[in-house]
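**Q** In the order they appear, the protein sequences are chains A and B.
For the first sequence, counting from 1, position 63 maps to 63 in full-length UniProt numbering; every step adds exactly one.
For the second sequence, counting from 1, position 120 maps to 120 in full-length UniProt numbering; every step adds exactly one.
Rather than coming from a laboratory, the hints here were simulated on the basis of the structure.
Just so you know, even glycine gets a beta-carbon here, dropped at the ideal spot from N, CA and C.
Watch out, some of these pointers could steer you wrong.
To be clear about the criterion: a stretch of chain A counts as covered by chain B if any three or more of its residues have a C-beta under 8 Å from a C-beta of chain B, and this derived list gives those stretches [said to hold, decoys possible]:
#: 1; segment: 378-384
#: 2; segment: 403-410
#: 3; segment: 414-422
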Amino acid sequence: MNRRQFLLTGAALAAVNGIALSNVRAATSSAKARIVIAGAGAAGLALASRLRRQMPQAAITVIDEKTAHHFQPGFTLVGAGLWSPDDVTFRNADFMPSGADWITEAVAEFDADSNTVATSSGRRVPYDFLFVATGLALDYERIEGMDRSLIGTNGIASIYANPPAAAASFRAIDAFVDQGGVGLFGRPTTEMKCAGAPLKVTFITDDLARRKGRRSAVKLVYNAHNPTVFSVPPVHDRVTQMFAARDIAVNFSHVLKAIDPGAKRATYETPEGVVTFDYDFIHVVPPMRAPDAVMNSPLPWQHGPLATDGWVEAEKATLRHPRYANVFAVGDIAGVPRGKTAASVKWQAPVVVDNLVAETSGKEPLATYNGYTSCPMVTAYGKAMLIEFDYDGNLTPSFPFISPLEELWISWLIEEKGLKGAYRAMLRGLA
Amino acid sequence: MEDFNPVTMFAILRESLGPWLWGLLLIALVLVVGVVSAAMKLRSARRSPKHPIIAAALAGGVATAIFFMLVPGWTMATHAALNGPVDYLVAILIAFIPGGGIAAMVFSMASWRCARRTPAVCDKSMA
């Protein structure tokens with residue numbers, strides 16, 4: 001009997017009787033497991049908070065060198081010139097649950113065969129259960145000629161890099177609207193976080209130009225990476241219709257390959273070959289991949305579409321690793337379709353925690369994740385569409401009175417006033 | 001929707017409002033105590049609540065209308081952003097929060113004033 005089996009068996013025998021299983025009070029486990037969470041982003045902190053409460057006797061270790069925490073869903077509003085970088089910057093320490101051991105070092109290596117994680121200082125941390133929540137890496141360098149230091153210069157914007165870059169992106173958008181010319185938008189062909197954001201930036205630029213009376217001075221072109229602008233068919237149809245109504249041109253199957261910042265030229269790969277466009281403004285969305293420590297480990301998919309960029313292999317419904325049963329992947333790093341948003345984390349974290357609690361209590365883990373994700377698609381200053389969907393691309397609205405494909409102020413209200421509080425509550429394991 | 005239980009909603013409100021939440025709850029508590037005590041005072045003085053209610057409804061209605069005009073700006077939007085019945089309904093409900101507070105305050109003040117006056121001033125029918 002190895003340590004993990006011993007823990008499972010022991011915990012099952014010692015399972016607390018009468019554990020409340022109501023909707024309000026979550027189940028708990030008395031297992032004294034060693035749990036390592038790699039990453040203190042949205043997923044890592046949400047997991048740590050829930051595990052601290054639901055497995056009070058477990059030894060929880062969080063590994064992440066970052067001390068600042070960024071509310072990434074707010075980057076769009078920074079890029080729209082409405083919020084400041086400070087509005088989306090928190091401190092990880094404020095959300096780290098008491099009793100969790102936080103190692104402020106980077107994860108250097110995952111050794112899933114020996115159940116250890118190595119940190120950047122060479123420290124090896126053993127675990128019984130591992131939650132991989134590292135987030136992802138922005139691979140700007142994969143676009144020839146692109147470097148994140150270019151953001152805010154030469155008409156280059158990119159709200160993804162960090163809050164100051166999002167603020168610099170707004171200045172670039174504003175200057176472009178004032179000066180006029182051609183603006184290019186698009187997204188990479190990789191899996192990506194918040195796939196609605198490139199569309200939001202396009203809509204915001206259009207609306208800003210209209211508000212300034214400069215719409216006729218700018219030409220906006222959205223270069224979709226494949227034959228759709230959004231992977232959910234009804235959303236694709238709706239956005240395509242809105243782009244047409246707003247005179248935003250769309251090129252399909254155009255993937256940004258290189259840019260020449262000095263000459264302001266962007267090169268795209270298309271099914272017909274390479275094409276080059278001159279631009280006055282470009283919003284660059286970087287290709288995204290797993291961080292090096294994950295890429296270099298045995299955890300990623302070994303084949304299939306999610307293998308190339310190193311996403312951690314995970315069962316869709318449980319986020320459990322099929323080859324390493326004591327490993328779970330949560331958040332952006334999880335190799336599942338869609339699901340790279342904070343809204344996904346909100347639904348993923350309870351599933352994996354509840355299943356671990358059940359398992360270590362000798363019960364059958366029954367919780368499942370249906371791929372829920374959400375994108376408050378900002379379509380103008382003050383308007384948004386609250387789009388929610390699952391793995392199958394079914395629209396799954398949470399509020400029956402909010403039409404997901406209708407531009408509404410209430411959806412903007414949720415984006416502008418509601419999400420940050422809900423996100424912070426999620427980090428504390430309370431939402 | 002099933003996830004929006006009171007515990008979750010309170011946690012979200014607490015994170016959204018920070019220390020302001022406790023200030024707002026205190027104001028709400030003061031208003032509730034004010035309304036209840038004013039109603040009891042009216043009752044013990046054997047006065048009709050008709051005039052205080054009318055005054056509160058008028059003040060609350062005007063305040064709600066004013067705050068309705070301000071609500072979109074609070075979200076960095078304009079009234080042009082209101083795009084459907086649900087938008088107007090939610091904006092009115094949000095405006096009703098300060099409007100209701102002002103109505104409660106006016107009711108309390110009017111009730112105390114009414115209770116102190118002679119019956120002829122506030123309610124001839126109960127004199």
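**Q** Enumerate the violated hints, using their earlier numbering and listing them in ascending order.
**A** Hint check: nothing fails, all pass.
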